Amino acid sequence: MAARVSVARVARQLAFSAGQRPAGFTNVCLRTQQRVLVPRRLFSGSGALQVKKYTEDHEWIEISEDGKTCTLGISTYAAKALGDVVYIELPEVDMDISAGDAIGAVESVKSASDILTPVSGTVKEVNSSLEEKPGKINKDPEGEAWIAKLEISGEPEGRMMTEEEYKEFTADA
Amino acid sequence: MAFTRRAISTFSEKLANPANRVQSYISRSSDPYLNLSIEDHILRTSPPESVVLFLYTNRPCVVIGRNQNPWYEVNLGILNTTTRGKVIQPTEPPGIGDVALVRRRSGGGAVFHDEGNVNWSITSPRGDFTRDKHAEMVVRALRKLGINRARVNERHDIVLDQGHKPNGRGTDPEDTHRTTYTLDGGGAPRPLKVSGSAYKLTRARALHHGTTLLGSPNLHIIPEYLHSPARPFMKAKGVESVSSPVGNIGLENEPFQQRLQQEFAAFYSGASKPDIVETVGEEHLDVPEIRKGYEEMRTADWMYSQTPQFELLLNRSDGRIEMTVHHGIIKSCELTHSRFSVEELGKMRAALLETKLQDIHDWAEFLRAHSPKELSPNTLAQRLAKYLPLPVPPKE
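Taken in sequence, the protein lines are chains A and B.
Numbered per the working numbering, the first sequence spans residues 1 to 173.
Numbered per the working numbering, the second sequence spans residues 174 to 569.
Honestly, the hints are just simulated from the structure, not real lab data.
Do not rely on the hints blindly, as some may be mistaken.
[Claimed, not checked] With a cut-off of at most 25 angstroms between alpha-carbon atoms, the simulated DSS-like pairs for lysine-lysine come out as follows:
id, chain 1, residue 1, chain 2, residue 2
1, B, K306, A, K80
2, A, K139, A, K149
3, B, K410, A, K136
4, A, K167, A, K52
5, A, K124, B, K504
6, A, K68, A, K139
7, B, K559, B, K529
8, B, K410, A, K133
It should be emphasised that the depicted structure is a prediction, and the values quoted were computed from it without experimental measurement.
Bound-form chain B, shown alone (with noise of 0.2 angstroms):
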């Protein structure tokens, strides 16, 4: 314990000296509450002139962007393995075990994180920040990889060119934005997204981060993550993701990191090797500010009221549940329905108003409190509870 006392110290005491400019550091934990903690700790503390690189692989989750909406996103009935009534066997597809919902403070959509995806946080300082210089410092290193396809695309992502022969034109070979097998006019086959980016600005620091898919195993069901039923039934303000194919660039996670901190090396300093290199962990929560983050980000109130506005529309020849919530707080909220008197759904709307969807946790329960009749199968907390599911909190 001394040691680990003696350990943090030292972490928080390098990280703060201004006389390490250019600064690297690896996670060994595949905690995403974590790492996202601890690489938010390193954007409010590092000296406004340094640059840090934090590299770190999440066990499987999905990342959402800051004023995203969890409903809309992601199809939250099946992150978790044991959900309200249901088991899914680990044998069952996705068959992949529990995936934890997260909600970062950067902006941008909603990504899918496992341990065949590394990500990369560069914190640097905001006067010099363009949204490109990172990507294409992490293209650059790709390319000394043998990865000759990968670009920048317009949207600051990387993409991996699927054109089937090179197109003949002479490339300049630093052009980190084009390939010899680019397809002018975006002609098909369309590049395959292999790295997202999103951005957090503070007064003097700008945070980049991206992912890179190196080997995910569950490329096939992504997609099924990223699809939320109640998509065509919300109407939500925020951010929106735009989806893209995804593809695999091929390559283990060490030797990418190692060429990833060399090439981070020589953009900021001209050297072979960062000032300091240093691995991070589960120790790290002793630092005050890192736990404080930490417990932050996995509270109900940071995953769901955190979400902007949305209306959810259900219209059924039996019924109809119209519901406006603002900030996870229902505002609004008529429903309609053959089997119940106007009475019991009257005394079922005064209940929801004003509740947090965060505090219901089982519609089912929650509205056969104000009705018998809910013990009845095809009712309204049926539906609800498939388009407005409730997840389970994340556990220790």
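If we strip away everything but chain A, and leave its shape as in the complex, we get (with noise of 0.2 angstroms):
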């Protein structure tokens, strides 16, 4: 994975270079950033335009522009206040998903605690790296340990809050 998103993170700086570039070394540029980008374009775009949500059970969504997938994950507060974890499943790729449902479990100091889609979809693609390194959760739960990219049906059900709104919900807890 991470390997991937630098391949992505290069591809983008040279993008954006190209344009201070000759013509003929430009064309040489966008195949790469063709080549490199377009399979995982549902879940690329600008970063900008993507606003993160999140739950009353802890969990991260981050819808992207076009409204039709998303990246879910847990909370920075969940992952620490669940402690170590030592496994996690996963939901299976291609899964039919319907907001409410446990898709997933996370397992930490002999605590099994369920992941919750806030929103209904299909399950695309899952953060297999998880599985060799399930402690990843406690590093960097906001970030390179999402757990699943959804393609999405609806809109998402249940309260969900900025990352302001939720600040203030994690204090009142």
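Put the complex together from the two separate chains, hints included.
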């Protein structure tokens, strides 16, 4: 995963500098960019336009700008509260899910905790690197340790909070 | 039957009634699948602010954690008295008849249950959940019954300190994490574990359950059940058990259950008795949600397909077996053996790939279908049957 992310980043940088280069060089760069980014376009897009929202169950989702897909994970607050994660049960790719379903579970300190989805849809990709290294959930739960990417149908259900609202919500808890 | 149905609907109503904030149930069934399903039903339907104590004792069984590997954790070959091809006489050790294999929904490691082990389970609001509070409550109950060596350890389990005499320093009798027998620096003799904890957390609720070894007649054979012959040849993801020396507390089940109910009521309401004290049993299988959980828990899919990925590597002078199994399905498989041709090995390999272990039932029969040489001894099937045994599913 780390390798893929850094490839995408390099491609983006190349694309950015391409505008200031002679035409011949631009073509080469564009080709590089397409090859790397096209298969993953659904989930890349421009980060600035995606808004991260949090649920009362301490999951986060980030919906793509076209509103068709989202990335799901657990919040930093939840990861801290759970303690050392020793195993993560990921959902299966192509599984259909409904808002409110448990789509996986995290085990930490003898505790199994459900991972819930606030939105219906289909699982498109799971972060398999967590099977090898479940401890990543404790290190970067809102970044590298995302859990699943979903194709969504319909609006998220239940209260969805902005980062500010979620901060207040967890301060009260 | 009409009476039963009334009793059942009363159970569901009482359980879900927010007016009953402090509830307590005791099961008269010793069926581990039923007791765990009643427990899960309590977790899912009790009111958000309520606290529920549930006590049950199971017939002999090995219970593994949600994310564990049965082949890695359990000596599956000795669970059933009649396993294909061999019969263990009731008079031969272990001599306790069939031992059920159960995967629970909570985390944690593998444990052995029998009639001398009382399980307690407490469902409470997730907001004020801590991993120690209910183990501390059980220690207070034990101390009131004269078990002064009991304390909660750093793994949230209950142990009995084994120091020969009081260590001379005054210990606060209210301190559930230390006794006058506690040896500083973990000196010998090691404390004996008498109770192990596991948890299941849902959105609003926290379930904490634990075992309590009061008077198990099987202490001497528990290690046999919890040591798998395959362990040295496996690399398994998921949760590995931490093995500890265990001991009996030396109490009868009933006084302990009563004392715990009182301690629970005192802790949560200051009263001497919970709002609800009821008995549950087999008839609760008529509650549709309990029935559903019960049936799911008895499926081979829950038992075997829930197993995290593992690799098996058996390397012998006459051949080698290498296998990767993901969620109970054979995903890769390499076979070499001096008695088989490359072609025969290829046929067996092709048959094994993408097969669910639980669908194989009998290794010899399965492999014989692809190679007549499997009729002879000391071949692949025997080795696989030894290290990846496939126990018969639960009977009615």
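Okay, the hints, checked on the actual structure:
1. B:K306 with A:K80: 19 angstroms, holds
2. A:K139 with A:K149: 20 angstroms, holds
3. B:K410 with A:K136: 15 angstroms, holds
4. A:K167 with A:K52: Judged against 25 angstroms, a Cα distance of about 13 angstroms means the pair holds.
5. A:K124 with B:K504: Cα-Cα ~21 angstroms, so holds.
6. A:K68 with A:K139: Distance ~28 angstroms between A:K68 and A:K139 Cα, so the pair is violated.
7. B:K559 with B:K529: 18 angstroms, holds
8. B:K410 with A:K133: It holds: about 10 angstroms lies between the C-alpha atoms, which stays within 25 angstroms.
Figure legend: structure checked against the earlier numbered hints; the only hint not met is number 6.
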